Structures are given as C-alpha cells and as structure tokens.
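K.L.:
So that you can map any letter, position 14 of the sequence shown is 14 in UniProt numbering, and since no number is skipped, the others follow by simple counting.
In short, the hints are calculated from the structure, not lab data. In this text, all values refer to a predicted model and were calculated from it rather than measured experimentally. The beta carbon of each residue, even a glycine, is placed where N, CA and C say it ideally should be. Check the hints yourself; a few may be wrong.
Pair ranges (Cβ atoms, derived) [to be verified]:
#: 1; residue 1: Leu57; residue 2: Met34; range: 23 to 31 Å
#: 2; residue 1: Glu49; residue 2: Cys24; range: 32 to 40 Å
#: 3; residue 1: Ala5; residue 2: Ile25; range: 27 to 35 Å
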Amino acid sequence: MDGEAPIIDPRQSEIEQKRMDIACIKRNLEMNRMPLSETIVAISNHCFENAQSDPLLFPPKDNPYKPKRTCFASYSPQLDNDSSLSIPLLFLSVKINVNISGHSDSRVPTH
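Using the sequences plus the hints, can you model the full thing?
P.N.:
Now the structure itself:
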C-alpha cells in the first residue's frame, strides 16, 4: 500500500465540509455592514476628495502611464559626391539627381 492515497470516509469528508461552511457563515455574520445608500455616498466622497492625486484621472498630457512619443522628423539635405541630393524622408530615402542648372531630372529611390 505504499504510495497509494489513503481511503477517506465520505461521511468524514461531509462533516469537514459542513465545518468549513459554518466557519464561513460565522465570518460573514461578524462583518460590519453599511446600508447601500451610505456606501454609495462614502465612495463618491472618497473619489472626489482624492481625484487630484489619482494618476488615472490626470489630463492626457500629464498622464504618467501614457506612452512617451519619440517620433520626430528631421530634414537635412546633403549633396553626395556625384552631384545628387539625398533627402531622408521618414522611412524612405529619396535621391534626386541635380543638373548644373539646379533643376532635378530624375528621382531614384534608394534603400
């Protein structure tokens, strides 16, 4: 019989369950209860009194839980050695060939 679960008497199990139920009922009886109307007023007052320090009620610009924005656009034209103008635009870099007269004659996307 080594390693086997002990045989439990169903009557003993039922008695133990009834004891746990009685203990739960006793705990519920000892709880301090308030009428619902008083509870609603108390919760409402608590919310209004602590609204200024509640981080979930901050305006969106002051909300510490809002993800920070890190995206920015920059424009820095650069002339390459082959007289072409390279302008990075967000995720696509566009290369524009420039003539001596300064007019662009073709657009070649570069990766």
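K.L.:
So, against the hints stated earlier in the document, which numbers end up violated here?
P.N.:
Every hint satisfied by this model.
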